[in-house]
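From first to last, the protein sequence lines stand for chains A and B. FYI, the numbering for the first sequence is 1 to 319, going by the numbering used here. FYI, the numbering for the second sequence is 320 to 634, going by the numbering used here.
Since the hints were made in silico from the structure, they are not lab data. The reader is advised that the hints may include incorrect statements.
Chain A is faced by these chain B residues, among others (derived, beta-carbon under 8 Å) [as the list claims (entries may be wrong)]:
#	residue
1	Ser503
2	Ile506
3	Asp528
4	Val535
5	Arg574
6	Gly597
Ideal Cβ placement from N, Cα and C applies to all residues, glycine included.
One-letter residues, chain by chain:
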Amino acid sequence: MSGVSLEVSDLTVHYRTLRGDVHALEGVGFTMADGEIMGLVGESGSGKSTLGKSLIRMDSRMRHVRGTVRLDGEELPIGDQAAMTPFRYHRVSLIPQYSMSALNPTRRIGRMIDELLESRGVRPASVRAELLRRLDLVGLSGQVLRRYPIELSGGMKQRVVMVLSTLLDPSLLIADEVTSALDVSTQRAVAQTLVEFRDRGYLAGMIFVSHDISLVNQIADTIMVMYAGKPVEKGTAEAVVNGPRHPYTRMLISSLPEVGVTHAERRLEGIPGSPPGLLDPPRGCRFRERCPLAFDKCDQEPPFVEVDRGHWAACWKAG
Amino acid sequence: MLRLDRVSKVYRVGSFGRERLHAVRDVGFEVRSGQVVALIGESGSGKSTIGKMVLGLTSITGGAITFEGTDVAGLRGHRAHKEYYRRVQGVFQDPFSSFNPVFPADRVFALIRAEYFPEVGEAEWRRRIEESLRVVRLDPAQVLGKYPHQLSGGQLQRILIARALLLDIRLLVADEVISMLDASTRIDVLNLLADLKARGMGILFVTHDLSLGNYVSDTAVILRRGAIAESGPADRVFTNPLHPYTRRLLSSVPRLHRTWAQADAELPADDGGCPVHGRAGAGDGSATLVEVEAGHFVGCAGDGEGGPCRPDPRA
Ligand SMILES: Nc1ncnc2c1ncn2[C@@H]1O[C@H](COP(=O)(O)OP(=O)(O)OP(=O)(O)O)[C@@H](O)[C@H]1O
Ligand SMILES: Nc1ncnc2c1ncn2[C@@H]1O[C@H](COP(=O)(O)OP(=O)(O)O)[C@@H](O)[C@H]1O
Ligand code: SF4
Ligand SMILES: [Mg+2]
Ligand SMILES: [Mg+2]
Chain A
1 MSGVSLEVSD LTVHYRTLRG DVHALEGVGF TMADGEIMGL VGESGSGKST
51 LGKSLIRMDS RMRHVRGTVR LDGEELPIGD QAAMTPFRYH RVSLIPQYSM
101 SALNPTRRIG RMIDELLESR GVRPASVRAE LLRRLDLVGL SGQVLRRYPI
151 ELSGGMKQRV VMVLSTLLDP SLLIADEVTS ALDVSTQRAV AQTLVEFRDR
201 GYLAGMIFVS HDISLVNQIA DTIMVMYAGK PVEKGTAEAV VNGPRHPYTR
251 MLISSLPEVG VTHAERRLEG IPGSPPGLLD PPRGCRFRER CPLAFDKCDQ
301 EPPFVEVDRG HWAACWKAG
Chain B
320 MLRLDRVSKV YRVGSFGRER LHAVRDVGFE VRSGQVVALI GESGSGKSTI
370 GKMVLGLTSI TGGAITFEGT DVAGLRGHRA HKEYYRRVQG VFQDPFSSFN
420 PVFPADRVFA LIRAEYFPEV GEAEWRRRIE ESLRVVRLDP AQVLGKYPHQ
470 LSGGQLQRIL IARALLLDIR LLVADEVISM LDASTRIDVL NLLADLKARG
520 MGILFVTHDL SLGNYVSDTA VILRRGAIAE SGPADRVFTN PLHPYTRRLL
570 SSVPRLHRTW AQADAELPAD DGGCPVHGRA GAGDGSATLV EVEAGHFVGC
620 AGDGEGGPCR PDPRA
């Protein structure tokens, strides 16, 4: 790994709703090195998908409030949907959550891929050979191009989507919960394929979003943990898993069932309480209400600071 | 309580339904009161099909399913089904699909009331809902009146379980209820299943995740291409897996402090081939299960379609 490829600073994104703005991302800042696979974990609703979408395509309800994103030194015009077009798919690519079930059922896979390529200004014939080579790499024959999505298993569909989203060798791939609906053996195969794509240079860096930290730890170089719209910890996978500094990360890890643990022997506990509402998020540390270590100072917001070399945390007690 | 006897299911697929797909083959097991039976297998192995047959949502091609002595296939008419669903309910993987987005989520309770408890008064019904929500650890004030998109997947999942609880059911079919939930919510839902089991409920817990299958289960049934590959007391199946398929599934479970490569290294290098026929590879996969230790059964490693059971690296 060398150099910084992605640099996100103070990124703040809201969703407009009838009841007011949902503060889905607030002052998010982090960097990724060239070639890095960063696992992004956090509870449902913590802003993982919102972060992924913000880096590539904001939908009409999203509002870019402030902050910047630089990819390989160049600023991405994330607030301007038209200006983002040349970057999408060529430089930044996203495999959205539930994309597997979103494949158009009436189109054969091959036709769908061709249409998609054309819409991105790429002549299908020019990448045909590479497409077949990569399908072969993930264990799919060219035959799948003639099939309809319903005729493929979940794991096969997921592999098609992966090959398609990385066909133009993007600098950054965001893979949002791409294996959550798969069984354990297919999940493993798909996750390992993504690592292989990185090793072969099909993608320079990847944000791998998942709610499963054990899975993320199998393939990621670094892990970033989000809570209620903010990163609370980032470090090497090793450091985050074995030496978590933020109380939320610690509780998240201790609520994991390991193979062999049974309820009768040891009742595991989830994290009591629930995350704060984001329509009107509380001031200070957003984890305060559920944090066993909370003290007076926590009514001020803890900054996301480097607590150890390459290890960041946002907690007054983590320093 | 629930008994499956040599249950099979054949779907007609392809154009004009000319092809047959054997989704479930000769499956037999029992769920007793106060017991959690985990039904585990890869995607497409027939888990949901079994769940749907138990819930009377799809027909049974062969064999029999009985619940407290009643033949499920023999249920006829609205009245018989209504009585059955008073005692048996299902909760499915994608909680969002069970809610109509244009109505508040708690409408699912009103539907139960209209169907089963029209005579119960407003105040009493409200009390029952709140009690049921508390059992699933939801704060009534936080969820009542909210629309589905305003609630998280975990909250919706628990609302569906609370709905089932209003009926005082005896058997719950939980199909992949936790696979889309994050770790801490998963544990809440699993602990809830354990509490229900302690109250005497029988639970058929369908999952593809073995690390969670073990946490609350008494019995594990490992399904492979529609047939049982291995079954027995959950702790035995998990600590002493005999079928190569079970071993491969277990080694694929992502574990926090162990890499996949380390898990592979712990797999026996030479597992002696087929757990039933050894290295001879003489079996054709159709053989019945063999009892290896008390209550722990294992089947032939063949493909179940007449192929030999020669050791297959992908099992
Ligand atoms: N279209 C929308 N309108 C209003 N609020 C939204 C919208 N989409 C998401 N949100 C809110 O933004 C926050 C972040 O949502 P996001 O989808 O990014 O979470 P996530 O971490 O990806 O969760 P999951 O693990 O469930 O996928 C949540 O509070 C969510 O309720
Ligand atoms: N309604 C259906 N019509 C035809 N085939 C089906 C239907 N439902 C499931 N199948 C097939 O039956 C097999 C078992 O599916 P399923 O029970 O859903 O498996 P699981 O829940 O273990 O993933 C699969 O091959 C699947 O494609
Ligand atoms: S800043 Fe305070 S409340 Fe927040 S995690 Fe640290 S100790 Fe807990
Ligand atoms: Mg998401
Ligand atoms: Mg299923």
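Quick rundown of the hints versus the structure:
1. Ser503: The hint holds - Ser503(B) has a Cβ within 8 Å of chain A, the shortest such distance being about 4 Å.
2. Ile506: With a closest approach of 4 Å, the Ile506(B) hint holds.
3. Asp528: Hint holds; Asp528(B) Cβ to chain A Cβ min 6 Å, cut 8 Å.
4. Val535: holds, 5 Å
5. Arg574: holds, 6 Å
6. Gly597: Since the shortest Cβ distance to chain A is 25 Å, the answer is violated.
Comparing the model with each earlier hint shows a violation of hint 6 alone; every other hint is respected.
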